[in-house]
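Both chains are sitting in their own frames, so use the hints and assemble them into the complex.
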Amino acid sequence: MPDPQTLGFIPKWLRDESFGNDDAFLMAGSIPDSDPRVVTRLIPKDHGFSLPARTVGRVLELKQNLVLYAARDVAEGYNADFADLRSLKEPLIRFATLTVEPFEPGSFVIPARLEAAPFVANDGEEPIPTDRVIERFNQLLESIDRPNDAASMSMGALLTYRELSKLLKKDIESIEWVTIDRAHNRAKPSLFTPERMEAIERLLERRKPTANAVERISGRLTAFDTVTNAFQLSVSGQRQRIRGTVMAFHAPWMCERLGQLVELEGIVERRGAKIASLTVHRVVEGEDE
Amino acid sequence: MTADLTLPSPGPYSFVAPFVVNNANGTWRRDSVPLAFRIADEGQKPWIQKVWKDMRSAVHEAHTLSGTPVPKFLQWQPWQLCYEVAQRTAGRTPILAFAEDHIAGYLNLWRTQDATPVLYIEHICLSPGNLPTKLWNGRYAGLGWSLFAFAIHLSRENGMNGRVGLHASDENVLNSVYRAYARKVPGLFKADAMGIAGPTNYGPMKNLTLTYLETTEEGAEKFLEGYRNA
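The listed protein sequences derive, respectively, from chains A and B.
The C-terminal residue of the first sequence carries number 334 in the numbering used here, and the numbering is unbroken.
The C-terminal residue of the second sequence carries number 863 in the numbering used here, and the numbering is unbroken.
Isolated chain B, as found in the complex (with noise of 0.2 Å):
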């Protein structure tokens, strides 16, 4: 696998999967369990290739027999996307998460290679345990505010200095995910763009008509501020 990243610690950070807790007294608040992160090597390969794709296979099974419209994530099968020839051979670095020593999110990594390389993240995805369905609910609450977060100290700790490139997968998640962090962080992220290709060397390119978003690097340290913990 070319996996041309590193994987640092999380210095004074904690990357977490917060969760929701009902209080006895009726009421609620958060709580969290530490993150893991490790790259998606052969070792990992069962994570991907038993326990996530089981949980999609029972959803899509379970879609099939009620007759409902499936959901878009079962259109997602990771165990192809780390695996397949031509994936690993591409430069990318698919990292796992995993809290509670179970599989919760996954990242899928570029260094470009312009003058001024940045993280680019060709995906970022909660695992099916964690998405709400009809066989089961959501574990954590804000994973993928953690998840975003490590892609920023990695970036950080790679030499790109918080740098981090994506294009958001669609504009309900543009609205509610990313102008929810920009909310936060004022200046998170550079202008909007679109028709901007994204370093892939695999398949059609299909980014061209998705909002590209980039991280200032005082808004990346201000945002991984955030999760300080020491």
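Only chain A is shown next, with the shape it has when bound in the complex (with noise of 0.2 Å):
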């Protein structure tokens, strides 16, 4: 008995053509654009295939939280000591909220896009797409082995990084993150592992306030150089001369007693008993010569 669901019918194109043609898979049109993700996978420790609940929904609110300060740098300018997401306006905060997919079966790994529409942070100015702040965010992600470039990253997005970290102590062997653009091109992952938060504790200690006293230190000023501001004193009891720099606001002052005496006001390194360098914070006004 023939199968009922088969018609026999053939479209009249096909009768003559020869059997064994692919068709093609997209016949129209170009593979779509998409909003931005984020996708974060977890590993487990010791190969698990479970996590604490509390664990899982601690990564989702420091994803958030870190696209927020990625946000926030986009929107705002870079500000090295943001770290109160509680000041954020309300239309920023939609702005970057992200929006969980399903997870993929079988793992922790777990899509998040940004779709919002272009943000205007202020009247008269170009929107800002949502790629922007992924962009960003993979600027955070690679600032973490830059010092240099970490100089940039809020507070807040470098102690949500040391919040990540401890979760990397107790549940999760290694958390990836990889972002993908619009045009669906992924980013270099980015493997958050208990070796590369050592790097993280070494930004925050490199953000720590110094330690070293303040001295006061008097002496001849004989050099001063304009672009660099760097400057040499001679003090006495000591024949080489102090090296050291000041701020460029300092600059004026710096010219203006060249060969006089001075006294500054700033962080001491000394080699043995000799002071080697200055780094000045303080030029001590109305007593020069």
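Careful, some of the hints might be misleading.
[Said to hold, decoys possible] In the EDC-like style, the derived pairs of lysine to aspartate or glutamate whose C-alpha atoms are separated by at most 20 Å in a straight line are:
| hint | chain 1 | residue 1 | chain 2 | residue 2 |
| --- | --- | --- | --- | --- |
| 1 | B | Lys683 | A | Glu149 |
| 2 | B | Lys855 | A | Asp61 |
| 3 | A | Lys211 | A | Glu106 |
| 4 | A | Lys253 | A | Glu243 |
| 5 | B | Lys683 | B | Asp734 |
| 6 | B | Lys686 | A | Glu243 |
| 7 | B | Lys705 | A | Asp226 |
| 8 | B | Lys705 | A | Asp78 |
| 9 | B | Lys823 | B | Asp803 |
Think of the hints as simulated: they come from the structure by calculation, not from any bench.
Dropping the structure here:
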């Protein structure tokens, strides 16, 4: 008995076509663009197949926070001291809110996308697409290994990384981040491991206020470079002159006092009993010769 | 979902998924099963978000494990296209084609806003299950022809007289697919055009470098007649 589903009907145009011609997959248009994404892959410790709900929730929360810090950088400019997400305005929060998509089956691969329309930070300015947030998010990830670039990273983002590192100590072996842009290009994955988190700690260490005592040094200003703001100071009791730097805004003051006795306040670096260098924080006004 | 196009009944036409049968005597013949078309609304979501997506994931993982290059169709993620907010509100009508109650293909259609509107096919493609891979073989042969014929039928039944526009996805498709259609029905398309933007308002325009084809009303009618089964 023939299968009742089959029709036996062959469209006219195929009747004399040779067998075995494969159809093309995509016959019209180009692969469509998509919302930019941040995909997180969690690897449980000891090849486990489960994670505490609190841990998964915490990772999602911290991922969202990192995206908010990235969005804030893009919309309002870099501020290394910024750490309070509560101060963000509601439109910016909506713009940078991730939408989590269904997890990949059998894994802790968690895709999330930024689906908001471009954000206008200030009237008359060019709208900011969510792609810029993803771009900045990638920069934040990369700058963990580049201390100079990390100088612009907000304190809040650094502390968020530290919070992630706590999760690595407990339940998670590693966290992988990968971003996918609107044209489906995948960025190089960034892997968070306990080793990588040590780099975070080093960055945080650099942000700590110095514990060195500020000292006041008097001497004759013998040289000053207006390009590098470097100076040389001759002090009594030491044959070798002290090298040092001042802030750019001290430069006019220094130029005026070239060859004179000055008093400078800052961090002193010594070699043995001798002063090797001086990083000036303050010039002492009104006590010049 | 914005769907300003209505799905017509097939009428006197048979839109089918043709396949090749190996006869007992060693010869080959064609047969077919009917196609059914449904708007890709919430009710159809699992076909895209589970079946299609998992087939794609399986092929992707297999290629990753074997270290072989992944085929182009793995970039295609229609579960995003159908349901992302920006897509849903953009005026598209996404349609799924089913054969034997299983997903077989996908069309993404617009009615252009010109004075003489055209049914613009933003995308027309086959389900991963109908593509030859290292894991499975293609099931149907000539399905794309039927999807295109259905688009013409839909254009006619929605007041566009069979006018259908599209950008061939690449040179290979232009030559192997649409030139083959035009060989069967001379005058099916107007002259090739380049630098024509699609009506998409989502994302950067990529279609300007693709060849734009548009059917003539007469050619479209003749192509559709090849599907008359009554």
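Verification of the hints:
no.	hint	result
1	B:Lys683 to A:Glu149	holds, 10 Å
2	B:Lys855 to A:Asp61	holds, 17 Å
3	A:Lys211 to A:Glu106	holds, 14 Å
4	A:Lys253 to A:Glu243	holds, 16 Å
5	B:Lys683 to B:Asp734	holds, 15 Å
6	B:Lys686 to A:Glu243	violated, 38 Å
7	B:Lys705 to A:Asp226	holds, 17 Å
8	B:Lys705 to A:Asp78	holds, 15 Å
9	B:Lys823 to B:Asp803	holds, 18 Å
The structure fails hint 6 only (numbered hints given earlier).
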